[in-house]
Amino acid sequence: AQSVSQHNHHVILSEAASLELGCNYSYGGTVNLFWYVQYPGQHLQLLLKYFSGDPLVKGIKGFEAEFIKSKFSFNLRKPSVQWSDTAEYFCAVKGGGFKTIFGAGTRLFVKA
Amino acid sequence: DAGVIQSPRHEVTEMGQEVTLRCKPISGHNSLFWYRQTMMRGLELLIYFNNNVPIDDSGMPEDRFSAKMPNASFSTLKIQPSEPRDSAVYFCASSPAVGNTIYFGEGSWLTVV
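Top line first, the protein sequences correspond to chains X and C.
Counting along the first sequence from 1, when you hit position 103 you're at 103 in the numbering used here, and nothing is skipped either side.
Counting along the second sequence from 1, when you hit position 37 you're at 37 in the numbering used here, and nothing is skipped either side.
Don't read these hints as lab results, they were simulated from the structure.
A few of these clues could be false.
[What the hints assert, rightly or not] Each computed SDA-like pair below joins lysine to any residue, with the alpha-carbon atoms no more than 25 Å apart:
(1) C/K24 / X/G41
(2) C/K24 / X/Y39
(3) X/K49 / C/T101
(4) X/K111 / C/Y103
As the structure is a computational prediction, the values presented were derived from the model and not from experiment.
Chain C with its partners taken away, still in its complex shape (with noise of 0.2 Å):
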């Protein structure tokens, strides 16, 4: 069984353009969260949808980001601009339910110069 699909692995990108990260939760789970891991912050949540609804976004750092999940089995998360300081890696996982045990994608390694 597949599990959390990410794309892209990893990404080098200048300040000031549009970055685009890929989910493609575990079939079945409607549970989708979008994680930010740094050494100076630790595991941030970013955003968490249920069942394709944005459910808390309180996570998010600023306009620049943005989720969408248009459907059960995609999401992407947008920045732009981008900062340096954005430069992290931003893992997506999956639930199959509230409450139950979160499988984490990969993890896609942003770098923004």
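Same shape as in the complex, but just chain X (with noise of 0.2 Å):
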């Protein structure tokens, strides 16, 4: 069965400091893999997605992931977070059948 691992349940940063989050999957087929992020009292939005092509993926405000194919995962990164980026961040990945799954998230904090 598919599954997703997010290494980090909550992060703490200040401002301007560098991003990576972690997330592994478990399937060996071709898959697609997404980053929403849920800012606080909203619901989740995407923030890049990666289908084929260019491993490493560029997404809304400044946020880039990487695919690594034999490492099974899809990192997130920002190269200077700001205290609006506080937010939870879910990883996602569609395999073989109908189900896309949801990583258990990573909530961010930016101290200003």
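Grab the two chains, each in its own frame, and use the hints to assemble them into the complex.
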């Protein structure tokens, strides 16, 4: 069965610090990969996605993610976070079948 | 273009009452999902439909929960009878195709007292 693992449940950073959130999945076939963001009190929104092609994907608000097939990973990065990036971040994977599986989420708190 | 529309946005109800949550997916999307989000359990997929047909309801917690999709533009999630542990945010979401981006509604914030 597919699964998605996000390594950090909570991350606290100061403004301008660099961010990397880990995501690993278990599925050996072709995958579609997503990162969603949920700002406080709001719904989940797509941050970026990877279906095929260049494994380095750029999303909104300066975020990027790199798909490393050999490591079954799709880590999210941002070189310099802002207070407004405080949110919960979800990695999601669609492999075989109908389901898109979401990770448990990582709560990021950025100190001003 | 309107996004996924959910109603009610907030509901407070007494234990034992029936709760019906409603969802209008984005026009043209053929996959619809119901999720529940709580602090303790995070984001849980309850059920999803493809072309109005329930594909997987294994996430529905118990028989008190039921979901329907009578047509491509409307779905309901019903809880009868409701219990305090059902208090959560319920998100409806839709997708243009299996495996594609999932678009979430604003959520229905349910409190059962």
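Right, here's what the structure says about each hint:
1. With a C-alpha separation of about 21 Å, the suggested pairing of C/K24 with X/G41 holds against the 25 Å cut-off.
2. Of the supplied pair hints, the one linking C/K24 and X/Y39 holds, its CA atoms being roughly 23 Å apart against a limit of 25 Å.
3. Our distance criterion of 25 Å between C-alpha atoms is met by X/K49 and C/T101, whose separation comes to about 8 Å.
4. Using a Cα cut-off of 25 Å, the hinted pair X/K111 and C/Y103 is violated, with the two alpha carbons roughly 29 Å apart.
When the structure is compared with the earlier hints, a violation turns up for hint 4 alone.
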